[in-house]
Amino acid sequence: GENVEQHPSTLSVQEGDSAVIKCTYSDSASNYFPWYKQELGKRPQLIIDIRSNVGEKKDQRIAVTLNKTAKHFSLHITETQPEDSAVYFCAASMGSYIPTFGRGTSLIVHP
Amino acid sequence: GAVVSQHPSRVICKSGTSVKIECRSLDFQATTMFWYRQFPKQSLMLMATSNEGSKATYEQGVEKDKFLINHASLTLSTLTVTSAHPEDSSFYICSARSGEVYYGYTFGSGTRLTVV
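Residue numbers (my numbering), protein chains in the order written: chain R, 1015 to 1125; chain F, 8 to 123.
Excised from the complex, chain R in its bound form:
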């Protein structure tokens, strides 16, 4: 089955800095890569996703890049704000199959 590795487990940045979270996957058949943000005690929420037919996708301060050859994808958050503090999960799936989640990254943005 699919195996998703996520790094780092904890990321601490100053407000205004950029944050990058990296994930690798094992199954070359995976073609859908969502990212979820989970605030303490709340549900994970989809913040951005990318399909294997594109290499990069942006949505305001958030971007995701995908390298299919290397089987890794990354989340980039620019101009971080304290409200970006949360746990971020990457995931990988093949089509409609349920995604496999990474272990999560706790992002802390210091004012």
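Keep in mind that the hints are not guaranteed to be accurate.
To be verified - With a cut-off of at most 27 Å between alpha-carbon atoms, the simulated DSSO-like pairs for lysine-lysine come out as follows:
(1) LYS1071(R) / LYS1085(R)
(2) LYS62(F) / LYS73(F)
(3) LYS1036(R) / LYS48(F)
(4) LYS1085(R) / LYS1072(R)
(5) LYS1056(R) / LYS1082(R)
(6) LYS1056(R) / LYS1072(R)
(7) LYS1085(R) / LYS73(F)
(8) LYS1056(R) / LYS1036(R)
(9) LYS21(F) / LYS71(F)
(10) LYS1036(R) / LYS1085(R)
(11) LYS1056(R) / LYS48(F)
(12) LYS21(F) / LYS1056(R)
(13) LYS1082(R) / LYS21(F)
(14) LYS1036(R) / LYS1072(R)
(15) LYS73(F) / LYS21(F)
(16) LYS1036(R) / LYS1082(R)
(17) LYS1071(R) / LYS1082(R)
(18) LYS1071(R) / LYS71(F)
FYI, nobody ran anything at the bench for these hints, they're computed from the structure.
Given the coordinates of chain R, assemble chain F onto it according to the supplied hints.
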């Protein structure tokens, strides 16, 4: 957008009792729902896949008789933790896939179970 409602949000029960958690898709039909367990500061661990009108599919290591899943309609799946013990205390979250292949999975709001 797609909404998944989960109740209760918090429950405290005595050891040995059973607790039922409900997961409803509010504006779409979900033939398949998923149940996760999440320990503090850890990732989502898939427990089982709930299939409408048929038996649930459990992940390896998950006790079927302890975590009873019923998916009686296209909008409702329930997870019953039977004979709960303190080690069952956790955050339980359901999710459902809403519509198109790449539409993504929508999560319920989660249930914090504390067994005393």
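Q) Of the numbered hints stated previously, which ones are contradicted by the structure, given in increasing order? A) 5, 7, 13, 18
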